[in-house]
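Line by line, the protein sequences give chains B and U. For the first sequence, position 292 (counting from the first letter as 1) is numbered 292 according to our numbering, and the numbering increases by one without interruption. For the second sequence, position 329 (counting from the first letter as 1) is numbered 329 according to our numbering, and the numbering increases by one without interruption.
Simulated from the structure, these hints should not be mistaken for laboratory data. From a predicted model like this one, the values you see are computed outputs, not experimental measurements. Wrong hints could be hidden among the right ones.
What the hints assert, rightly or not - Okay, the calculated beta carbon distance ranges per label pair: (1) Lys84/U / Tyr412/B: 30 to 40 Å; (2) Val188/B / Leu156/U: 34 to 44 Å; (3) Tyr196/B / Lys113/U: 34 to 44 Å; (4) Thr139/B / Thr105/U: 31 to 41 Å; (5) Gly82/B / Glu179/U: 24 to 34 Å; (6) Tyr196/B / Gly32/U: 48 to 58 Å; (7) Ala204/B / Gly23/U: 46 to 56 Å; (8) Val106/B / Gly23/U: 34 to 44 Å; (9) Thr105/U / Val188/B: 32 to 42 Å; (10) Thr105/U / Phe138/B: 53 to 63 Å; (11) Gln419/B / Glu179/U: 31 to 41 Å; (12) Thr255/U / Tyr412/B: 22 to 32 Å; (13) Glu261/U / Gly82/B: 46 to 56 Å.
Don't be surprised by glycine CBs; every beta carbon is placed ideally from N, CA and C.
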Amino acid sequence: MSDNNSVAFVRTETLPQLPPPASQAGAVKWARENLFSSIPSGILTLVSLYVIYLLVAFVGPWIANGVWNTDSLAECREVLDGTTGACFSVISERWNQLLFGFSYPVEHYWRPGLAFILLFIAAAPVMFFDLPRKLLIFTGLYPFIAFWLIWGGTIFTPLFALAGIMVGYLVYSRYVKDSFAMGFFGGVIAAFIAWYIGGFIVGAIAPEEPFLEAVQSRNMGGFMLNMILGVTCVSLSVPLGIVLALGRQSDMPIIKWICVCFIEFIRGVPLITLLFVANVVLAYFLPPGTTFDLILRVIIMITMFSSAYIAEVIRGGLAALPKGQYEAADSLGLDYAQAMRLIILPQALKISIPGIVNIAVGLFKDTTLVSVISMFDVVGMIRGPILSSTDWNGVYWELFMAASVLFFVVCYGISQYSQWLERRLATDHR
Amino acid sequence: MKKTAFIGALTVAGLAAGMASAGTLDDVKERGTLNCGVTTGLVGFASPDANGVWDGFDVGVCRAVAAAVLGDSDAVEFVPTTGKTRFTALASGEIDMLARNTTWTFSRDVDLKFEFVGINYYDGQGFLVPRDLGVSSAKELDGATVCIQTGTTTELNLADYFRSNNISYEPVPIETNAEGQQQYLAGACDVYTTDASGLAATRAAFENPADHIVLPEIVSKEPLGPLVRHGDNDWADVVRWSLNALIAAEELGVTSANIEELAAAPTGNPEVNRLLGTEGELGAMLGLDANWAMMAIAAGGNYGELFEKNIGENTPIGLARGLNAQWTDGGLLYSPPFR
């Protein structure tokens, strides 16, 4: 039957594809679904748009009209002549002070600059595991190179500091086979002896005119100081935090209680108090005339502070591991150090990454607190010398905006890296 | 055993330190630089410029002392201190003198064991009001809202003043000068009160300074001066007389312009001769060179020149001499005679 049916019309080719209806595609669909899905949502969208408009209408001309090349606030206001506009000239005139402080010698700005660039090379192999492991040698040398570049002076100081560590390591590796404690303490003692002797040798052979002119600690300032404090303290406090976290879980009561007391004491005291101790109170205990480098004191205090917090974060990571992991390590016959190094810590640290990054970012921003103990970090520079100069008294927004941009770039970078790291280390196949 | 050795070492270190700090003057000479405590920045009084060179009225005192002792006004290591760290820095010996617009009060002089060697600026608490308010005297401020820094002597002075004049006010507590500036401009308070020099600097930073006036009443005494540690009178004398030399120089008409000429040979005025070391032994009595005062004055000019250059009427701060004029001009500056 069906054979005989004559078919009046048979389409021989497929229809051209039509675009979806306008309301179901593209920006319109997205807007309907996301911005105007209901009446309240629509109202909120309009209100938000209005607020954004207000912000842009206010900030836009302020930035666009910005004045970049006057010598003082009064002059800048003259140029603006009553119109809205920012006086960015304070930044173009004082950018070097914001970055390096006011007393770092201008002709040596390349030194911290170079140290900053080298920092990326040194940090790369630690941060990205796919890079050749040989780069780690440079990472190990970096602290000494950076110290020499930024502080200058005779190159023998960092060389002997490095030599001391090497001597310590040699002694450690020689004795660690017999007993860990013997190796560890032997290494520490050997390193101190090497430094002590090295101190005399450096004093004797240091040239009168070192290749890089020495710069005093009190001349450090600006964002450079924030970077020095932030980088040093973060990189010191992570290992210290691991040690403290493990110590807190230890079965040995003395070690455990030392760690608990340390962590609880530090966490119970505000950072600013510790900074005042570093700056003011220590000066009473030390005999007059002894100058124990202020930056070093501050680094010690901030490191202690952040290591206590990082220890608690890592303890959380350790506690989050199933007991089976510890037992598995034991059943493989691994000793404590091996179990920690190969089984427990890699997993615990992975869990702790967000917390550690959180503390690192917070710590980096906390370095601005040193401005209250009369150190001229970027905030100290703004609040002190720049705002108190006759030329620039009264400029607030531009300066603090510049400082925020500097901090935002670094902190956002750290945060993006940590997200990448979490994705990279994700092994749970979610 | 270990412990006693440690304590012994500490004692020795303490003794050595005690001996070393017996003579600040000798320490400074040996070191070749003067460690001078200044503020971390106060408009007109101390702040580093774009090249990092410190300048200001208090800085001028430091430079004068350095020039008097070491003959070089640049041989100063400026140690910036905050209001919180300044006294410990001085007490611990980190700095040799403090020139940080510090008010001379009984308890600081006696209880904190410091020695104020003189007064380089007579300040006092004043009131800043918008011109629109139509007020010409602080006594008309009945019922006004006043921005005031909490925890300072200005707060107490304000309460005293309003109570003794039997008028009422409403305090708006603020934390820092910058905050006060913003609050006042935003109209959160009718009146802003702090030291008169600070008010002048604040007003100078406004977009339209002419719209605001500083009322004539000064309600407190804030004598600001350099200070040193108790117990080193030789050093205190050096700082005191360096400051007096600046003040006396203005009175005697010795300026940085004519000092070379006056110091070249004895002049007709014996006091100028004694000051500039062309007559008498004043420098030797202090343990300094004969031309110590000449160096101090040449460093930045006499008191009047320092004032005009840093905070005077031709600067944006625009302070009048007022109480800080020479006694011969109706002010309070009165240097004891150089003889």
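Hint by hint, here is what the structure shows:
no., hint, in the structure
1, Lys84/U / Tyr412/B: 30 to 40 Å, "holds (33 Å)"
2, Val188/B / Leu156/U: 34 to 44 Å, "violated (55 Å)"
3, Tyr196/B / Lys113/U: 34 to 44 Å, "holds (37 Å)"
4, Thr139/B / Thr105/U: 31 to 41 Å, "violated (55 Å)"
5, Gly82/B / Glu179/U: 24 to 34 Å, "holds (26 Å)"
6, Tyr196/B / Gly32/U: 48 to 58 Å, "violated (29 Å)"
7, Ala204/B / Gly23/U: 46 to 56 Å, "violated (30 Å)"
8, Val106/B / Gly23/U: 34 to 44 Å, "holds (37 Å)"
9, Thr105/U / Val188/B: 32 to 42 Å, "violated (50 Å)"
10, Thr105/U / Phe138/B: 53 to 63 Å, "holds (57 Å)"
11, Gln419/B / Glu179/U: 31 to 41 Å, "holds (37 Å)"
12, Thr255/U / Tyr412/B: 22 to 32 Å, "violated (57 Å)"
13, Glu261/U / Gly82/B: 46 to 56 Å, "holds (50 Å)"
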